[in-house]
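**Student:** Going down the list, the sequences are from chains B and A. Each residue of the first sequence is one higher than the one before, starting from 71 at the first, in my numbering. Each residue of the second sequence is one higher than the one before, starting from 71 at the first, in my numbering.
No lab work stands behind these hints: they were computed from the structure. Treat the hints with caution; some may be incorrect.
Identical copies carry no separate label here, and so any pair may be met within one copy or between two of them.
As the list claims (entries may be wrong) - Once the Cα atoms are required to be at most 25 Å apart in a straight line, the calculated SDA-like pairs of lysine to any residue come out as:
1) LYS263 x SER146
2) LYS312 x ALA387
3) LYS263 x ARG156
4) LYS359 x LEU348
5) LYS263 x GLN100
6) LYS263 x GLN147
7) LYS263 x ASN149
8) LYS359 x GLY338
9) LYS263 x ARG103
10) LYS203 x VAL339
11) LYS263 x ARG113
12) LYS312 x ALA281
13) LYS263 x VAL106
14) LYS263 x GLN148
15) LYS263 x THR109
16) LYS263 x GLU306
17) LYS423 x HIS456
18) LYS263 x ARG151
Owing to the predicted nature of the structure, the values given are computational and were not obtained by experimental measurement.
2 protein chains.
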Amino acid sequence: MRVDPTPSAAAVPHVVIVGGGFAGLAAARQLRRAPVRITLVDRRNHHLFQPLLYQVATAALNPGDIAYPIRSVLRSQQNARTILGRVTGIDLRQRQVQLADEVMPFDYLLLATGATHSYFGQDGWEAWAPGLKTIEDALEIRRRVLSAFEAAERQTDPAMLPATLTFVVVGAGPTGVELAGALSEIGRQTVAKDFRSFDPRLLRVVLVEGADRVLPPYAARLSAKAEQQLRRLGVEVRTGAKVTRIDASGVWLGDEHIAARTVLWAAGVAASPLGASLGVPTDRAGRVKVQPDLSVPGHPNVFIAGDLMHFEQQGLAVPGVAPAALQAGRAAARNIAARVAGAATRPFRYRDKGSLATIGRAKAVGQIGRVQFTGFFAWWVWWIVHIAYLIGFRNRIAVMMGWAWQYFAFARGARLITGRAWEPGRAPEAPAVPPVPQAPRTPEPMLR
Amino acid sequence: MRVDPTPSAAAVPHVVIVGGGFAGLAAARQLRRAPVRITLVDRRNHHLFQPLLYQVATAALNPGDIAYPIRSVLRSQQNARTILGRVTGIDLRQRQVQLADEVMPFDYLLLATGATHSYFGQDGWEAWAPGLKTIEDALEIRRRVLSAFEAAERQTDPAMLPATLTFVVVGAGPTGVELAGALSEIGRQTVAKDFRSFDPRLLRVVLVEGADRVLPPYAARLSAKAEQQLRRLGVEVRTGAKVTRIDASGVWLGDEHIAARTVLWAAGVAASPLGASLGVPTDRAGRVKVQPDLSVPGHPNVFIAGDLMHFEQQGLAVPGVAPAALQAGRAAARNIAARVAGAATRPFRYRDKGSLATIGRAKAVGQIGRVQFTGFFAWWVWWIVHIAYLIGFRNRIAVMMGWAWQYFAFARGARLITGRAWEPGRAPEAPAVPPVPQAPRTPEPMLR
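Chain B with its partners taken away, still in its complex shape (with noise of 0.2 Å):
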């Protein structure tokens, strides 16, 4: 009883799509009307929306309002249809895409696998400072921050308190910094009413950045504001700091050591290994540097768009961030289309729509064109993105009243745990690293 989308498949190109992120699906939407048949695969049945992963993480959102099932987004489209599957290898000559249980012959083929987390060669850094990709990152991490001060209330000895107390997110760039200003405010806000045992002052957020300033690809201007508003959130800023150790007692900056149950990981990236296995040219971070069509050297028709690819313009990499994905996505298919056509590619042309980074309640920062702003304003811009990119009509109902609720109550309501509540494999009463004593702090970061 298997129907086969078209009854003239063989006539067709088949146009094999590899992921769907942005770059996949903006790819498979451009190609709704072209003399094609789609197979988009992915691993995971759901299309995420990273940019509001870190409010998963931090219980402000519940996973279903940022993910929506890939089916659903291509149900209405006859020329696609949806696999979930995991892609174990390309051959590019015979012009195969190899799943665990089938092969998949394609005309064209669009990869768009993306990035993960890199720990820069330290694998096992993992363990103890987890990264934010995918909605289990998010509520991994959701469930060490919560168990944290669920620790913390139950803590006997006021020497481990800090410790308990102690939050370090490693890497300042947009994500590190959403998670940093996150964390200080459920912890002053939130929690503060919630638990009894503990002096909610202790709570500590430390932000470790290795480049001498927040948000590094930004405008100075705009790295200067947004570490203001993360101090005057009770976060400690620590930029020009490399970190040189992560274990179960904490992080370890040189010499200095900050003594922390939890660390989050939002620093290096490394692109899908897919990216490499091609054996064309990669850059560092085994990212495929793509022709100016977005197609790979040497095979005209095999195309990368996303986090995937390594474009430059004007001397500088295309950044990792969703317009990109989105606008190479559509780009890589409309180059599919011209082949399919027997029409020449195009280049790609990256148009910045400007940066935005939120950091907390009514703060953040961007730049749109030549125009930078900061605080309220940047925030309602930041707000009216991303709700009108969330796809679904459901989910942006959902992700607002989340919001409202939480600008207005101060509270997060989605503060569950799964899973059993994490505990780090050390004993209380011995770790392995005493925990530093508490310097003296200023007495700006914890204003209430």
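Please build the complex by placing chain A on the supplied structure of chain B, with the hints as guidance.
**Tutor:** Okay, now just chain A, sitting in the frame of chain B:
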């Protein structure tokens, strides 16, 4: 910096409540003005609205919609604190509750640790037929159900397709009836629009019940009506059928084999093992046979409420439903307050508020007092009662929105597979037992 909630803590009797379900939370709230200090211990940080858990399993609701942090429920109750911890034992003589890392003395104890599912000693069945008691259970069931449709979409062997699309629900109590009805609706309304490769009419939902009718505790007329509504939804109802084996290939009813990739368990219930550990008489399911005032025989300062309690009234055991747990929790709390005040305890009296089971969109059966009702009206009553009981304003709104959306759009908004797509432990080409040939089925179960 440990701050004790009440300065004169030692002078005030300490009430320990184990379990933050309906009974435990109701008891804590009932004691809000009593001269006691309360510690509520739960191994989860959230109260779960179990009557709606099947809606999370069937992707209609998000986990956050039906769960709420216990800590927040008790936030403003000055005499109560909440502890996230696992109780490993109870020493009735020393009046101590043992946690994994702490011994907690009590003056009064309320055990309300509830029940979980039981496989009648066939623990090996659990891997093939998950039950539904926790958020994780619900997400696991959701994962299996949605993964089955994904597998069907990719199934290349037509002979395997019927087993891939067969869902067996074991047990036709309210949970089983709700699951079977929802599965049938998902398959026929939502999934049919999203998938391309298989004929949705191959979908088969089988509801197996050992008793001679569905919803055995309900009036016979309501059981008949429920069965009729289930059949109208396309569910195959198999009453008087005993499951003799469950494995990777499906379910056996004696000699009859139902080939099914997905089997869900909604049959047996076993009380929390803490009941049996007390060394006092229990019933077959491990529930503690309590005194009329809900105390444990020989231990007038120890009380039991909720699904862990075996309480007979007019020769019938009080059922394991939420209203009974709420009533018993409050009654136990009143008796604890009476004992603190030096007054006599009073016997518990269960007031049957009626029964309600929903079967699908605008389909339900119910009974309040002597009034029985079915169909759309019963569904409305069910809807209103469940909303009214849901704790927390935000949850109420989110659930109503989810349902309204589902009702009008026949869509299910929370269709995420988290974790990996579930793969049963069998090679698709070599099932442990070959699927039985599909018997010709009567046409009415698959009306569109």
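**Student:** Now tell me, hint by hint, if it's right for this structure.
**Tutor:** Hint check:
no.: 1; hint: LYS263 x SER146; in the structure: between (47 Å within a copy, 8 Å between copies)
no.: 2; hint: LYS312 x ALA387; in the structure: within (24 Å within a copy, 65 Å between copies)
no.: 3; hint: LYS263 x ARG156; in the structure: between (45 Å within a copy, 24 Å between copies)
no.: 4; hint: LYS359 x LEU348; in the structure: within (11 Å within a copy, 68 Å between copies)
no.: 5; hint: LYS263 x GLN100; in the structure: between (49 Å within a copy, 21 Å between copies)
no.: 6; hint: LYS263 x GLN147; in the structure: between (49 Å within a copy, 11 Å between copies)
no.: 7; hint: LYS263 x ASN149; in the structure: between (53 Å within a copy, 15 Å between copies)
no.: 8; hint: LYS359 x GLY338; in the structure: within (19 Å within a copy, 59 Å between copies)
no.: 9; hint: LYS263 x ARG103; in the structure: between (55 Å within a copy, 20 Å between copies)
no.: 10; hint: LYS203 x VAL339; in the structure: within (10 Å within a copy, 38 Å between copies)
no.: 11; hint: LYS263 x ARG113; in the structure: between (41 Å within a copy, 21 Å between copies)
no.: 12; hint: LYS312 x ALA281; in the structure: within (9 Å within a copy, 67 Å between copies)
no.: 13; hint: LYS263 x VAL106; in the structure: between (57 Å within a copy, 21 Å between copies)
no.: 14; hint: LYS263 x GLN148; in the structure: between (52 Å within a copy, 12 Å between copies)
no.: 15; hint: LYS263 x THR109; in the structure: between (50 Å within a copy, 17 Å between copies)
no.: 16; hint: LYS263 x GLU306; in the structure: within (22 Å within a copy, 51 Å between copies)
no.: 17; hint: LYS423 x HIS456; in the structure: within (13 Å within a copy, 46 Å between copies)
no.: 18; hint: LYS263 x ARG151; in the structure: between (49 Å within a copy, 12 Å between copies)
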